[in-house]
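Protein chains in written order, with the working numbering: chain A, 1 to 199; chain B, 1001 to 1150.
Simulated from the structure, these hints should not be mistaken for lab results.
There could be a bad hint or two in this list.
[Claimed, not checked] Below, a list of computed lysine-lysine pairs in the DSS-like style, where the Cα atoms sit at most 25 Å apart:
no., chain 1, residue 1, chain 2, residue 2
1, B, K1081, A, K196
2, B, K1039, A, K119
3, B, K1067, B, K1140
4, B, K1081, A, K144
5, A, K97, B, K1067
6, B, K1128, B, K1081
7, A, K195, A, K65
8, A, K152, A, K65
9, A, K63, A, K152
10, A, K144, A, K63
11, A, K119, A, K195
12, A, K97, A, K65
13, B, K1039, B, K1128
14, B, K1067, B, K1039
15, A, K55, A, K65
16, B, K1066, B, K1039
17, A, K152, B, K1067
18, A, K119, B, K1128
19, A, K55, B, K1066
20, B, K1140, B, K1081
21, A, K63, A, K97
22, A, K55, A, K119
23, A, K196, A, K55
24, B, K1128, A, K152
[To be verified] On the chain B side, residues computed to face chain A include the following (Cβ under 10 Å):
no., residue
25, K1039
26, V1044
27, E1069
28, M1082
29, H1104
30, M1106
31, P1121
32, R1132
From the three backbone atoms N, C-alpha and C, an ideal C-beta is built for every residue, glycine too.
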Amino acid sequence: MPRLPLVGAALGGLVILGVGIFLGLPSRDTPRGAAGTLLASAIGGPFHLVDQDGKTVTDADLKGKWSLVYFGYTHCPDACPTALNDISIALDELGPKRSAVRPVFITVDPERDTPDVLKSYVTSFDAPILALTGTPQEIAQAAKGYRVYYAKHPEPGGDYSMDHSSVIYVMDPEGRFTASFTHESSPEEIAGRLKKLLA
Amino acid sequence: MVGAKFLVLAASLVFAGAALAQTGQLEVTNAWARATPAKAENGVAYLTIRTPTPDRLLSASSPVAKKAELHTMEMAGMVMKMRPLASLDIPGGEPVTLTPGGEHIMLMGLNGPLREGQSFPLTLNFEKAGAREVTVAVEKPGAAGPAPKH
């Protein structure tokens, strides 16, 4: 059976290709087909957090509406407000379908981002944003589900910033991953894609 | 004839302006900041620097915050990293614009929220040009740039 090693090598190649697609995922929309189905289920997952009013929110609460999920932190004055503002502008372009989409901001800095801090932060944006925090373990679980990397970067003087994945995830009303945007996506791009998804 | 004379005058003014710009000094324009939520500890300011001869931005300070630091945003794949910069080189003749997603001046330990429509002073210390004070206009929390001039 001299062919078997060849088949094995081919299958191994497919696995490597699959991993490659998986790692490249956050930068593009879900590919169609079998791989796409597999990938869609790989992003998201269960979480148990509290919102800016101290109310418990789980992944089940996100169902019923489209969600735009972004992980960030309020001490980040550059990338995070840009992402939230892009979302606000994009949602304004949706017109009557605006209410079908819920922006969700999940902190990667639960130590400083208490519900109070989150409340004050998100009310300064035009869009009504669901802001979530939790214990460090709860945040770690949510971030793991969304394949979000984050790490504390200490600064001189005891301060710190957070390194974090900057990706806007689009989850459908069933809680399934559908598309993603980066900080480089313009509000027009985001609105255009959402319009197609909501059509 | 009046029109032709005017053109000559206008042209000479343009030349004079260009000459001034070439021999002129470092200038800082379009300084703006994002409004911050009531409890925010950090704010951010952006601006444009032009200089005819190379210079270096060394530090910044403002009465609205305990300290101001030069920061840059780096992307490693999809991961955003904010890092302090020791200094920022300003090449001669080429404007450098601090803008969201790139370099910014981080205002750390705000004494109070930065409110849209207000303005505050910011002092920039350059290696050669020395200290320059600019007025920073506060825009919306997620503003992508300075408000257009009216």
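Against the structure, the hints come out as follows:
1. Restraint check for K1081(B) and K196(A): not satisfied, since their Cα atoms lie roughly 32 Å apart, outside the 25 Å limit.
2. This hinted pair checks out: K1039(B) and K119(A) have alpha carbons roughly 9 Å apart, not beyond 25 Å.
3. Restraint check for K1067(B) and K1140(B): satisfied, since their Cα atoms lie roughly 22 Å apart, inside the 25 Å limit.
4. With a C-alpha separation of about 19 Å, the suggested pair K1081(B) and K144(A) falls inside the 25 Å cut-off, and the hint holds.
5. Note on K97(A) and K1067(B): the hinted pairing is violated, with a Cα-Cα distance of about 44 Å set against a maximum of 25 Å.
6. For the proposed pair K1128(B) and K1081(B), the alpha carbon gap of about 30 Å is over 25 Å, so the pair is violated.
7. With a C-alpha separation of about 14 Å, the suggested pair K195(A) and K65(A) falls inside the 25 Å cut-off, and the hint holds.
8. For the given pair, K152(A) sits about 32 Å from K65(A) by alpha-carbon distance, which is inconsistent with the 25 Å threshold.
9. Only pairs whose Cα atoms come within 25 Å are accepted, and K63(A) paired with K152(A) is rejected, the gap being roughly 31 Å.
10. For the given pair, K144(A) sits about 19 Å from K63(A) by alpha-carbon distance, which is consistent with the 25 Å threshold.
11. Our distance criterion of 25 Å between C-alpha atoms is broken by K119(A) and K195(A), whose separation comes to about 29 Å.
12. For the hint linking K97(A) to K65(A), the alpha-carbon distance of about 11 Å falls within 25 Å, and the restraint holds.
13. Proposed proximity of K1039(B) and K1128(B) is contradicted: the alpha carbons are some 37 Å apart, above 25 Å.
14. For the hint pairing K1067(B) with K1039(B), the CA-to-CA distance comes to about 17 Å; that is within 25 Å, so the pair holds.
15. For the proposed pair K55(A) and K65(A), the alpha carbon gap of about 19 Å is at most 25 Å, so the pair holds.
16. Restraint check for K1066(B) and K1039(B): satisfied, since their Cα atoms lie roughly 15 Å apart, inside the 25 Å limit.
17. Between K152(A) and K1067(B), the direct Cα distance comes to roughly 21 Å. Compliance with the 25 Å bound is thereby established for this hinted pair.
18. Restraint check: the Cα-Cα separation between K119(A) and K1128(B) comes to about 44 Å, which exceeds 25 Å; the hinted pair is violated.
19. Among the hinted pairs, K55(A) with K1066(B) is inconsistent with the structure: their alpha-carbon atoms are about 34 Å apart, more than 25 Å.
20. For the hint linking K1140(B) to K1081(B), the alpha-carbon distance of about 23 Å falls within 25 Å, and the restraint holds.
21. Restraint check for K63(A) and K97(A): satisfied, since their Cα atoms lie roughly 16 Å apart, inside the 25 Å limit.
22. Restraint check for K55(A) and K119(A): the C-alpha separation of about 12 Å stays at or below 25 Å, so the hint holds.
23. As the CA atoms of K196(A) and K55(A) are separated by approximately 33 Å, the hinted pair breaks the 25 Å bound.
24. Restraint check for K1128(B) and K152(A): the C-alpha separation of about 36 Å exceeds 25 Å, so the hint is violated.
25. Because the closest C-beta pair between K1039(B) and chain A is about 4 Å apart, less than 10 Å, the hint holds.
26. The interface hint given for V1044(B) holds, since its Cβ lies 4 Å from the closest Cβ of chain A, which is under the 10 Å cut-off.
27. Interface restraint check: E1069(B) against chain A, minimum CB-CB distance 8 Å, threshold 10 Å, status holds.
28. For M1082(B), the suggested interface contact is upheld, since its CB lies about 4 Å from the closest CB of chain A, less than 10 Å.
29. Given hint, H1104(B) at the interface with chain A, holds; its Cβ is 5 Å from that chain's nearest Cβ, closer than 10 Å.
30. Hint status for M1106(B): holds, given a least beta-carbon distance of 6 Å to chain A, under 10 Å.
31. The interface hint given for P1121(B) is broken, as the beta carbon of that residue sits about 19 Å from the closest beta carbon of chain A, more than 10 Å.
32. Annotation: R1132(B) was flagged as interfacial toward chain A, and the flag is violated, the nearest CB pair being 22 Å apart, outside 10 Å.
Going through the hint list in order, the structure does not satisfy hints 1, 5, 6, 8, 9, 11, 13, 18, 19, 23, 24, 31, 32.
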